[in-house]
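Participant: Let's have the full structure, built from the sequences with the hints guiding it.
When the letters of the sequence shown are read in order and numbered with the UniProt record's numbering, they come out as residues 1 to 155.
Hints were generated in silico from the structure; no laboratory data involved.
This one's a predicted model, so the numbers in the text were calculated from it and none came from an experiment.
A hint or two may mislead.
[Unchecked claim] Okay, derived cross-link-like pairs now, DSS-like style, lysine-lysine, Cα gap no bigger than 30 Å in a straight line:
id, residue 1, residue 2
1, LYS153, LYS106
2, LYS153, LYS141
3, LYS33, LYS141
4, LYS153, LYS33
5, LYS106, LYS33
[As the list claims (entries may be wrong)] Beta-carbon label-pair distances, calculated as ranges:
id, residue 1, residue 2, range
6, HIS107, ALA133, 35 to 41 Å
7, THR6, ALA104, 14 to 20 Å
8, GLY86, ASN29, 22 to 28 Å
9, VAL132, ALA104, 18 to 24 Å
Using N, Cα and C, we set each Cβ at its ideal position, and we do this for glycine too.
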Amino acid sequence: MIRAATRADAPQIAVIWNHAIRETTITFNPVEKSDGEVADLTAQDCLVWEVDGRVLGFARYFPFRGGEGYRFTVEHTIMLHQDAHGQGGGRQLMAALCAQAAAAGKHSMFAGCSAENAGAVAFHARMGFAEVARLPEVGFKFGRWIDLVLMQKRL
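Facilitator: As structure tokens, then:
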């Protein structure tokens with residue numbers, strides 16, 4: 001089931017997010033998030049994929065850049081529990097998040113994907129995102145430089 005996130009979901013979302021921080025280059029951030037930080041970050045414009053009372057994924061959108069001129073453009077984060085890939089939850093989350101953003105009057109959504117995460121690039125392409133830029137060596141994690149792939153979808 002896809003539903004709006006609540007503060008009570010923060011511990012389960014933190015497990016997903018912190019695994020990605022510790023173990024992957026899905027995010028370039030090396031610092032794990034506390035339950036409180038996650039609760040604040042997911043307080044609005046965040047959806048979860050819940051199965052049998054367990055949060056298996058989340059997606060949220062947030063301003064692309066500061067300033068009034070960018071108010072119709074958003075960026076997003078989507079992550080699934082490491083054991084929940086390939087079950088359709090990511091597609092459901094992404095479709096629902098795009099619909100939510102469009103209903104809120106947003107025009108364009110960006111994804112910033114690690115170039116090492118070919119699965120994320122392919123997933124976003126399947127969801128209608130197009131690669132619009134490849135930024136070489138802008139992320140640094142695990143002792144190496146990583147390219148960032150920017151992908152965009154007009155809502």
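Participant: What's the verdict on LYS153 and LYS141, does the C-alpha distance respect the 30 Å limit or exceed it?
Facilitator: holds (27 Å)
Participant: Sort out whether LYS141 lies within 30 Å of LYS33, counting only the CA atoms.
Facilitator: The hint holds at about 16 Å.
Participant: Just to be careful, I want the Cα atoms of LYS153 and LYS33 compared with a cutoff of 30 Å; is the pair within it?
Facilitator: holds (28 Å)
Participant: Could you check the hint for me, namely that GLY86 and ASN29 are 22 to 28 Å apart, CB to CB?
Facilitator: holds (25 Å)
Participant: With the threshold set at 30 Å, check whether the alpha-carbon distance from LYS153 to LYS106 stays at or below it.
Facilitator: holds (11 Å)
Participant: Holds or violated: 14 to 20 Å for the Cβ distance of THR6 and ALA104?
Facilitator: holds (19 Å)
Participant: Starting from the range 35 to 41 Å, see whether the pair HIS107 and ALA133 falls in it by beta-carbon distance.
Facilitator: Given range 35 to 41 Å: violated, Cβ gap about 18 Å.
Participant: The hint says 18 to 24 Å between VAL132 and ALA104; measuring C-beta to C-beta, is that right?
Facilitator: Holds, since VAL132 and ALA104 (Cβ atoms, about 22 Å apart) stay within the stated range.
Participant: Please work out if LYS106 and LYS33 have their alpha carbons no farther apart than 30 Å.
Facilitator: holds (28 Å)
Hint compliance for this structure: hint 6 alone is broken.
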